[in-house]
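Protein chains: 2
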Amino acid sequence: MASVIPASNSSMRSDRNTYVGKRFVHVKNAYLDSMDEDILYHLDLGTKTHNLPAMFGDVKFVCVGSPNRMKAFALFMHKELGLEEAEEDIKDICAGTDRYCMYKTGPHVMVIPSISIMLHELITLLHHARCCDVTIIRIGTSGGIGIAPGTVVITDIAVDSFFKPRFEQVILDNIVTRSTELDKELSEELFNCSKEIPNFPTFIGHTMCTYDFYEGQGRLDGALCSFSREKKLDYLKRAYKAGVRNIEMESTVFAAMCGLCGLKGKLFMNA
Amino acid sequence: MASVIPASNSSMRSDRNTYVGKRFVHVKNAYLDSMDEDILYHLDLGTKTHNLPAMFGDVKFVCVGSPNRMKAFALFMHKELGLEEAEEDIKDICAGTDRYCMYKTGPHVMVIPSISIMLHELITLLHHARCCDVTIIRIGTSGGIGIAPGTVVITDIAVDSFFKPRFEQVILDNIVTRSTELDKELSEELFNCSKEIPNFPTFIGHTMCTYDFYEGQGRLDGALCSFSREKKLDYLKRAYKAGVRNIEMESTVFAAMCGLCGLKGKLFMNA
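For the record, the sequence lines run as chains R and H.
One point on numbering: in the UniProt record's numbering, the residue at position 139 of the first sequence is 139, and numbering is uninterrupted.
One point on numbering: in the UniProt record's numbering, the residue at position 105 of the second sequence is 105, and numbering is uninterrupted.
Derived from the structure by calculation, the hints contain no laboratory data.
Accuracy of the hints is not assured; some may be wrong.
Listed next, the stretches of chain R that the computed footprint assigns to chain H, with coverage defined by at least 3 CB atoms under 8 Å from CB atoms of chain H [unchecked claim]:
id, region
1, 122 to 133
2, 209 to 218
Taking lysine-lysine pairs in the BS3-like style, the calculated list, with each CA pair at most 30 Å apart, reads [as the list claims (entries may be wrong)]:
id, chain 1, residue 1, chain 2, residue 2
3, H, 104, H, 232
4, R, 104, H, 91
5, R, 71, R, 195
6, R, 71, H, 195
7, R, 48, H, 60
Just so you know, even glycine gets a beta-carbon here, dropped at the ideal spot from N, CA and C.
One chain only, chain R, in its complex shape (with noise of 0.2 Å):
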């Protein structure tokens, strides 16, 4: 697995020494600091045109799905907590870009996909917002493999198509090999979680990533389709038996990027 820029990342900064103990979200990339402004372009935030550390500074937490049900989460959760904040006080952040939508609620931030800008611009943020501590989830739908629809898989590791653990980034042209492994303890701590909850079947079990929906994952539907009924299940049957209980599309990213920049990452998944 080749490296990315080494430690010496002037990003890590000084007063990463004022909070011993805590794991700040850390970028690799030596040139952002040095920069006059930095505009996270697809979230509609700046360095210079808002206050990131006052805004989002206390971030803890960070789930991501999609829009409808972010939004839906982000008003649970602002009850659950219950919040002096006036509901309707809860508006997207990114209204003023036609890419994203942000919602956030105490000290939790809902964001929505395509994953990979997102996560880029998302780590930034809090980078620049100086959070520490972050755990980051990805709440969503998934496709299962052997197991009864409704069950919960909670990500041990993501691999691809292949089944192999593995991200293969494009870095100009360049073909860079990341790891996918994601957090360990969090696994169990939401597992044990689930535990307590009545009929909330849940597994731990690795989750592929396909680059597509339809022929990537092997669906009969969908506007091209060159393999037959039995070539997919024996690649079903094949993915299973390497431990897969679950496919979707954004995983293997997701815990590349996670894994690379200190954050805790986790896919807890419907199938």
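Let chain R serve as the given structure and place chain H on it in line with the hints.
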């Protein structure tokens, strides 16, 4: 280049012959027509719940872009076409899903990425609606290379990060390489239109497609950056020399799917 299911595909169906000289949108999936019901999940449409030929059969042009741009464009086209229907009746057809928006005004449909799922379902929709002679144009923003900001690039060929005219589709655990050439006549037509508009600088050129907005496109911002400014500039110079005039993230899969499914496809993007 590997081929998909041969042309004996039953989805080419017999009623194709009733429209002599018209090119139907074709899907390359032998399973589609034998299905009792085909649900286009991400579009919130289905063959049993919606009369797709009545709703979409007149479609000739499809524009793809971000939600607000597409809504604004739908309203603009509505006025330009002098349609009688009230503007308020232009509603999001996919409002029941959390993924995409779609506006229809007259025989025009505007749809939102992410591109590969959307194209699978859109092309299947056009097939179910029995559309013919359909042109699909992606309108959007891209990053220019060696051209003035604001210049429009009409894509002749989409290339990957290695400047090759190909899209590598993972099908189950096989990699299949597909061609990314686009309709040639349409380039000339669009280019001639652009010449009629004052101060509308336009080029025909190659468009490079990357999987990532930051590391893939040589950006120095973003959470991860492992290359130097010199490496970045060298890469962009090599891209320019290979004929690339702009960069974005959807053109190769767009071109590959249009080519395979008999759609006249074109990218028309601001640099």
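### Message
Are any of the numbered hints broken by this structure? If so, which, sorted upward?
### Response
3, 6 and 7
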